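Quick one: dock chain against chain with the hints and give me the complex.
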Amino acid sequence: MTTAPTEAAPASPEDGPGAGLPLTAAQSGMWYAQALDPLSPAQNTAECLEIAGPLDPEVFAAALRHVTAETDALRVRVSDTPDGPRQHLLTEVAPPLSVHDLRGAADPDADAEAWMRADLAEPCDLAAGPPFRHALFRTGDERWLWYQRIHHLVMDGYGYSLLVRRTAEVYSALARGEEPGPRAFGSLAALVAQDEEYRASEAYAADADHWRTAFADRPEAPRLAGRGALPSRTFLRTTAHLSPEATERLRELATTLRATWPDVLIAAQALYTSRACDRADVVLGLPMMGRLGSVALRVPGMVMNVLPLRLSVTPGATFAQLVRQVVLGIREARRHQRYRYEDIRRDLGLLGEARGLVGPLVNVMPFDYGAEFAGAPARARNLSAGPVDDLTVNIYDRADGRGLRIDHDGNPALYDGAALARHQERFLTLLERLATTDPQQPLAGHTIATPDEHALVIDEFNDTTHEVPPTTLIGPIESRAARTPDATALVFGTTALTYRQLNARANRLARHLQERGAGPGKLVAVSVPRSVELVVALLAVLKSGAAYLPLDPDYPAQRLTYMLRDAAPVCALTDHAGRLPSDAGTPLIALDTLDVSGYLPVNPARALTPSHPAYVIYTSGSTGRPKGVVVSHRAIDNRLRWMQHAYPLDGRDRVLQKTPSSFDVSVWEFFWPLREGAALVVAEPGVHKDPVRLARLITERSVTTCHFVPSMLQVFLASPRAAGCGALRQVFASGEALPRETATLFARTLPGAALHNLYGPTEAAVDVSYHACAADGDGPVPIGRPVWNTRLYVLDAARQPCPPGVPGELFLAGRQLADGYLNRPELTAERFVDDPFGAPGDRMYRTGDLARWTAEGEVEYLGRTDHQVKLRGQRIELGEIEAALTARTGVDGACALVREDGAGEQRLIGYVTGTADPAAVRAELTSALPEHMVPAAVVVLDAFPLTPNGKLDRAALPAPVFGGSGAARRPANAREATVTRLFAEVLGVADAGPDDAFFDLGGTSLLAVRLVTRIREECGTELTIGSLFEAPTPAALAARLATAAPAAGDALDVVLPLRTVGDRPPLFAFHPAGGLSWCYAGLSARLGPDQPLYGIQARGLLDDGPLPPDLETQAAGYVRQLREVRPHGPYRLLGWSVGGILAHTVAVLLQEAGEEVELLALLDAFPAEQWRERPAPEEGDALTAVLRMAGFDRTDERDREDVLTTLRKAGSPLAGLSDHTLSRIVDIVPHHARMMRAHRHRRFEGDVLFFTAAAPRPEDWLTREAWRPHVSGRIVNHDLDCTHPQLMRETQLDAIAAVLAPRLTGPAG
Amino acid sequence: MALTLETLRADIADALGEDPADIPVDENLLDYGLDSVRIMALLERWRRDHGIDASFADLAEAPAVEAWAPLLGVG
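Line by line, the protein sequences are chains R and W.
Letter 735 of the first sequence, counting from 1, is numbered 735 in the UniProt record's numbering, and no numbers are missing.
Letter 2 of the second sequence, counting from 1, is numbered 2 in the UniProt record's numbering, and no numbers are missing.
So here's chain W without its partners, still in its complex pose (with noise of 0.2 Å):
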């Protein structure tokens, strides 16, 4: 069960309470209102459902969704 772009984005605005279509693949997902917590919950999420090995400082470094996507194996 990979983790696809589009699980990626809405997983993320759901965690944001933003429409999926509002998040920006090369934006700073932080003026969003990503923070520490949101970024743990994803990463929990994430790994639980999509068996995905990444730390939480992995993500936490550059917050974006065109960063994440090759640490999550999003193709």
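Chain R extracted, bound-state conformation (with noise of 0.2 Å):
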């Protein structure tokens, strides 16, 4: 193997004015881009063609060298000015070639491939030298590859075409031993031209006009991934090939729809899209040449532009109404194609919010080159199409007989090759069979899942069949009763009933309610607070065949009359007289006064089906009447079957009674332990909303299995005797989403306990679906795997089954489905229908709740498709509280919804227009809803914000004023405004207000420099970053500017204070080795508005005052500065690295003198003995500590200046350091080395928070174990997938404010 590169040539001087080119718009796009992370090599594009034939490489070189001198867009360097970035046309550039003879090599085009691979990870600079360089491959006789890779802001996909095709011409040319013909190109300028008279025209602010409009309403980019991600420095690809045979029928198909094979394509992507996101509005991207009717045609350059092409896909729609309404859509896209995807983004204020406006990319390339050098043929292929912020279709027409080359290009921030993979491959199937069915057909034959994704999800995953006897939910309670007489079956209070006696009292009050009309196929209506009477009324029921109807006592007379009326249950069982109105005519019968000692106490006689009604639950109902669910003994009795051999109880447990029984998990409460021989605890009325009480009653009961919803567990597990309930083995969570933090802190709490992730909808009997929660469990907690004899759908809106990974509407089939809703045939067929996978007459439930399905066979709930809530574990329709507003005098049109304005708390808010006084509105609600869906505020409206096309905008509904709060304002005086205007030019944010702090508006350190350079332009006066910190809001900063008061030393100062306002104790973050804690200002923002946060920083940057001695005395130091913002505790306390360090010993000064330490967390911080033994750095090591401040690794920067430079070059904060405290940084690091090596831990009191950076390291003998000695608490550690300098990156923060979010809430103590 040999490799003989050109001598790339020093660049000649500059031609023409000095000044250079401005950008075009569409370059200046580029140019941000990389500015924002120079090292990133993701705007490399590359190509690689394989020339088959013999090759002459010096005629190549020369044909290289004639080709780039004709194209303009080669030459140029790029530099950033005080006027923006100009592009300097240089008059002679050598093309960087290199060429590499692999014909020894084993396997020569794996090689050539790698060093291409290699190649392309190398960040070009677009300053320094020419962007763009060629390799040639020599990998047989006459086979040859040609590797060629240019800067996206100089080139794009159809400048390749020009470039290869003319340089294919020159070489045949050349080859013959001729001149070539005259060069064709147009030049760069002729580009800069064209694009300034565009900007300056009429056209540009009509087509700003129209892009305005058609996305006025800003629509949400739809994302396969289900989030976004900023681009990353690579992308990852897959490949495939739509056969021969499909490509030729859908260039048919297109014919016959009188389209192109690329609308085709393009409306195959909107409809994978569309059933991928579950969603009907889907805005694709599509890359534009951007050239036709222009002079550009003939100029090699960056002109394409990406268009968003907004496209409705609905199931009832056919193919060829979509096909239409791509053709159509481009059509009017193009007449608008001139202006930038950028500048539609800023317009929308897109930008400011870091939001897409597009979906996938669809990159058409429907031209082969059709190059030949000097008659050998030549294939290209595409390696890389610049930056993918989400994900590309890059599609390729080459005439090589194996039909179309379809690359998936996928941000790897969003997708592994795992998910591209399956997004290609169900791709290509859907083409396959579109290509095959008739386009008048409506799309919703069509399904998005493979042959083998359907058979996974829809028989795989619901392989749950099991047999089960034809039981009721009562006769096994009863042949238990017969089995353990004496055994304890209930305690209430100081009362306990054994088998027997329980029994016994149940049949007694059975015979009565037989004799009163109660039988199979009856209703009885039950309203007993929790008590002995309670259970004994409801076993009662059971045993004369009735379905029982629960009643809560608390409910207000309006709704009970209603559900009284509606229901007709034959009678009514109560505590006493009174408890019922008597207005809705069914027979009362009060318990306190009735007499059944006359009836027989054994098992009544009763002609009980598994088919009859088992109990009927009222739930909220849309249209504002609540609705009763009918559950059959036969689906209860498998619900508890499948709990018993899932869960086995014995007469051992006990079993907690605490849910209402108007909820139907009181269902299993009561009546699983009777069916098994355990004891049943039944908590006293108001028990179960006291955490505290409860908690006793579970410890002092020796309760051993009970339920929570997941928002009252979480309160129960704060709750200090929560961690004394030793006896609880089973806890089991329904009701509302769980999250994953409640799972963490259970596994902690109760580390003896299981915890059991339930769902189910009242609808299907309780549960259908169970997720045990693991103790170091992540992301969000499944809802988990079908029960017994029952299947879960995911279905997009065609109701077709969604392969894992996509969301849909869950569906429900099997043994547990209700009945039905009572006496509402109608709204029973609208929400029970057919089920299509199934046997005939099966019927599936369709829940509105969002899902899906995971690669593991498990259910994750995403939300609702409705406007039905959960509050705190409760089901509420809006619409019956918006009815019940409307129902009010005086208003007009009601709406309500859930808000989540503060931090984590939710609200119900109604809000109405008319003449009504809102607090009157509330009041009346009390007594026709029940407490839980009356809303916490009445708001009056003039009128409901609506969207641009008429529909409420829900998210436009102002949050209601509890409190006080600053209302926006304009800026004050000249110099506010300037600041103002900065900011938001800077941030690209289209409405920063004076008050807005910079942070908080997605403020970087990258654009803190850029900001505080535009201010030194713009005012003439110095700022440094630090500045930024102490005033982040354009107010303070403008009155900074005003006093002109020596900003220089603020940002280094010993207390750093990074947020100052919020009404929490503050949290100290401490400096790592380098001294600053600049690195932590990425916190502020993501902690909220409501956490102070200050940085601690070395004594000694500003000055050259002594260094102290010891790591003791230079944390007695901090303790001093601490207590002059905060004066006590409780403190909290977090330190990267040697801030750990620091922090520990800062928490055991604190303790010592007394103060309370509530939080003590480290950043991959090491204690002292496991550095001891260990060489400190010396200076060399101290440059290379700077460089890890700054999130770099050291290459090969000898000495200060050089580290300077790479700081300078990569826009580091750290550059704009005067020189001498660079130099006091490079002292403090090795000093802190041997201070830290020279400490004495003494013990914290208490738990540490850890985080691991736990990619693997050099030092692989450091562990956080070694802390154990110092702290008297548990060690809770987080791994983060990052080295330790990228602990402080944005992806890393995110994480460590995730966690530490939970712990920093509640007020100043």
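These are calculated hints, taken from the structure and not from any lab test.
Keep in mind that this is a model prediction, so the values were computed, not measured.
Think of the CB as a built atom: it goes at the ideal place given N, C-alpha and C, for glycine as much as any other residue.
Mixed in with the good hints, there may be bad ones.
Stated by the list, open to error - A few chain W residues that don't get close to chain R, going by computed Cβ distances all over 12 Å: (1) L3; (2) T4; (3) E6; (4) T7; (5) R9; (6) A10; (7) P20; (8) A21; (9) H50; (10) G51; (11) D53; (12) P70; (13) G73; (14) V74.
To be verified - To be clear about the criterion: a stretch of chain R counts as covered by chain W if any three or more of its residues have a C-beta under 8 Å from a C-beta of chain W, and this derived list gives those stretches: (15) 257-263; (16) 330-343.
Have a look at this one:
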């Protein structure tokens, strides 16, 4: 193997005027993207051409020189100037070319590929060298690979085609010994002129209007990964080919539909995206060459644009109609194609929110180059098409007989290789299907699942068939009573009943009920507070053969009357007279005055079958009327048999009954233990809302099994008594989404107990799926797998199955489905529909819940498809509340929603228009609705905010004002106005106000550099980055400029205030080895506006004062500084690296002084003895440390000056430090290393929160376990997938803040 | 078999899914849905059927019937 690179000659002097050319708008977008991450190679584009035939490398090099001389775009250098970036045209540039003869290699293609990949990974410095390079690989006697890499700022895909064709033409001429034809390319200046002309034209303004109007409602971009992300430095690619037959059929289909095959592929991607994202409104991105009708057709350069194509994809429409929409949509878009995508986003205010407008990009390259090198044909293969924000589908029509080549390029922050391959496989399967399906058929006939995925989600994941005997809910209870008559069945307060006693009491009452008309198929209402009598009453109703109807005694009379009239029970059991309204016509039986001693205590006879109803439970109804769900014995019997199988109870178990009987969770609480010989521990009324009394009850009664709604579980776990519930061995959570934090807290608090997440609506016998929470699980807690004889379907809008990972609506089928809604056949038919995947006659229930399958066959809950909400576990139809609001006098219109304006605090809010007094409306609702359905506030509006298409804009409803809030204001003076404008400009936000904080608006340290530079330019005032930390709003910064206070030192003081406002105890973050705490700035926005944050920095950064003699002295100094900010505890401390050692030492000192330290968080910090035997670093390592602080690994920087150069080049904020300060840092780093090694830790009393940078590291001997002797409590660890220096990067800060946030709630103690 | 103005308009109309009568002579065909794929298809058709010798860039630079006619030898 030989390598013979041609010498890249130094660039010749610039030609033309020294100022150079401005960038076109298209180039500017690329320039800013590159400036944001100067070391990113993402903007490298590249192609590889396989040339089959003899090739003369000398002639080839000559051809490249010729074409480079003809191509302005390849001869530019781009530099940043005070007037913005400029491109300078050089007259002569020697094309960098290396030639490699790989004929001797074992696998020449692999070697060539590796070389190309390595080159592609090199960032390109546009100011320093040519923006392109070539390589030629000889892989056979007559086979060559030509590699061409060009920065996207100077070239687009069409430009490549011009270059390749011209190179082939010139080579062929030279090879024949002829002069090549005259230059055919237009000039770069022409492109720039055309761009400037457009931007000054009326068309520009008209185009802006067009796009602003078309996307005025700012639709959410459809994301196949379910979320967006910043572009990464690389992309993932999977490649496949559509079969030649399918390709041909698609071409024919296109012709039939009077469209082109790219139109058909775009329509197919729209269909795929619509289903994969579960939405009808789809915006795709279309890269457009942007050259038709323009001189740019003959200019190799960067012109392409991405246009948003908005499509409406509904199951009822046909594919032909969708293709038509695409054709017309592109036609419309093309009329406004010169307007830049970045500008559209800016106009819509999406830049500031870092929001995209389009989902997947469909990049169709319909032409082959058809280039020949002196008769040798060349086949092109794209290697990189530029940065990938989300997902780009590149489609190439290469005339090689292999059909369409399809590359799926994905952002690795969003997709792994497997996910990308799945999207591709499904897309290809869909294309094959579309090619063979009548385009006039509705889209509903198409699924995006592959046949394998279909079988997986419909059959394999639902393989739950299990034989169960044909029993009822009550039968097994009676047989249990016969088998263990003397076992304890029920405990309530000081009362305890055996199975025999309980059975006898229930039998007597049941016989009485039978006399009153109760029996199979009949209903008996029960309105009794939690007590022995309640259990007896429920058993008695079931024993009589009737179904029970629980009525919550706390419900308003109006609602109780409605339910009694609607359900028409044969009678109603109450604890005493007057409990239920008497105007419903229901015969009432008061238990306190009823004498049933004359009845036989043996089981009554009844003609009960599993098909008879067992209970009827009312739930909130969207039309304003609650609806009764009728559940059969067969359904609930299956549920309890499965539960016993999965979580066996025996005579030693005690099950807590605390759920109100009107919620279906109570059904298993009441009856499961009585079927299995366990004891039922009944909580007194009210106890279920009081965590302290609950914990006491659980402890005193040795409860082993109980249920919690997740929000109540969170409250329970936070109470100090929870950890004392030692007998508890299993806890079931259901009723609302179970947060992972709650599950984790559970595992910590009750390590001996298992937590099971269950899911199910009342319409399917309590629960239909289950998941055991692992103590160390992460990510959302799944609702799990289906229970016995139950099938879960996640279906898209066309009721086709969603593959794993794709969101859709959850449908339930199987034995547990309810019979339907009492007396509501139409509603029943609407929600209980035919099951297309089951046997004929099977039904499925439409839950209205959004969900998706995991690859492992568990379901994750994602939210609701409608306006039903869950508030603290209780199901509420907003429609019912709206109907109740509208029914008040003086209310014209109403709407209700659950808001989360504060930190996690959910509130139900009602909005009304009309003349009503909101307080009065709210008061009236309390007599019509149960407590949990009454809005926390009612807000009167003049009119409801509407979206552009006339629908209620729920997002625009104002937050209710519970306290004072500062209104937005205009800048107070010219300087404030200037600074505000610069904020908006640098941050790319349209509506920055004088009181908005920089880091809240998405500011990063890089943008901070830019802002400070801009302020220096516009205001002529020197500012440091540190001023921005101290005065983060335009108003504060302007005030600082006005007083012309010397700002230089502020950011180097010992206390660096990162956020001074907020009413929680502040968090103090201690500096790492370099002494600066700027790295914690990113935490400030992530922890929210209520959390003050102060950095603690090393002394001596500003002056030459002595450095502290030891760590103990240093920490004692910090304690004094801390107390100036916050005189007394509780304190919250955090530190990264050496900062962790300091934080621990400060924490110990504070505790020794009698203060409370409520949080000590160590970020990849290791105690002194881990380092003691290792050599301390000297200056060389100190430079490494400085680079690490800025997030770089050291490469070839030799001395301080080299380090400074690197920092400046990368735009690091550290580069703005004075030489003096940097020199001090270089001293401080080894000083810390020495102090740290000599330090002796004392013991911190309490738990430590630890974050480990879990990527492999050279210092593999470091372990957090070394903290054990210095910490009395637990070390709660979180692994982060990064190296030690990467810990302060955005994604890791996100993760760290997510862990910290729940521990920082609560006001000042 | 020279290309006539009538055939030219008929072919363009066919590619765009429009009526030949609706194809203007003096307007930008991009507004009627002409795109690069359609230009390429037309060019190939005319090369095949009429032996036309024009490049993609020639046609794409000025997409209007009146600009194309001289390039395509239409009298």
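Now for the hints, and whether the structure bears them out:
| no. | hint | in the structure |
| --- | --- | --- |
| 1 | L3 | holds, 21 Å |
| 2 | T4 | holds, 23 Å |
| 3 | E6 | holds, 21 Å |
| 4 | T7 | holds, 19 Å |
| 5 | R9 | holds, 17 Å |
| 6 | A10 | holds, 14 Å |
| 7 | P20 | holds, 14 Å |
| 8 | A21 | holds, 17 Å |
| 9 | H50 | holds, 20 Å |
| 10 | G51 | holds, 19 Å |
| 11 | D53 | holds, 15 Å |
| 12 | P70 | holds, 17 Å |
| 13 | G73 | holds, 21 Å |
| 14 | V74 | holds, 19 Å |
| 15 | 257-263 | holds (count 5) |
| 16 | 330-343 | holds (count 4) |
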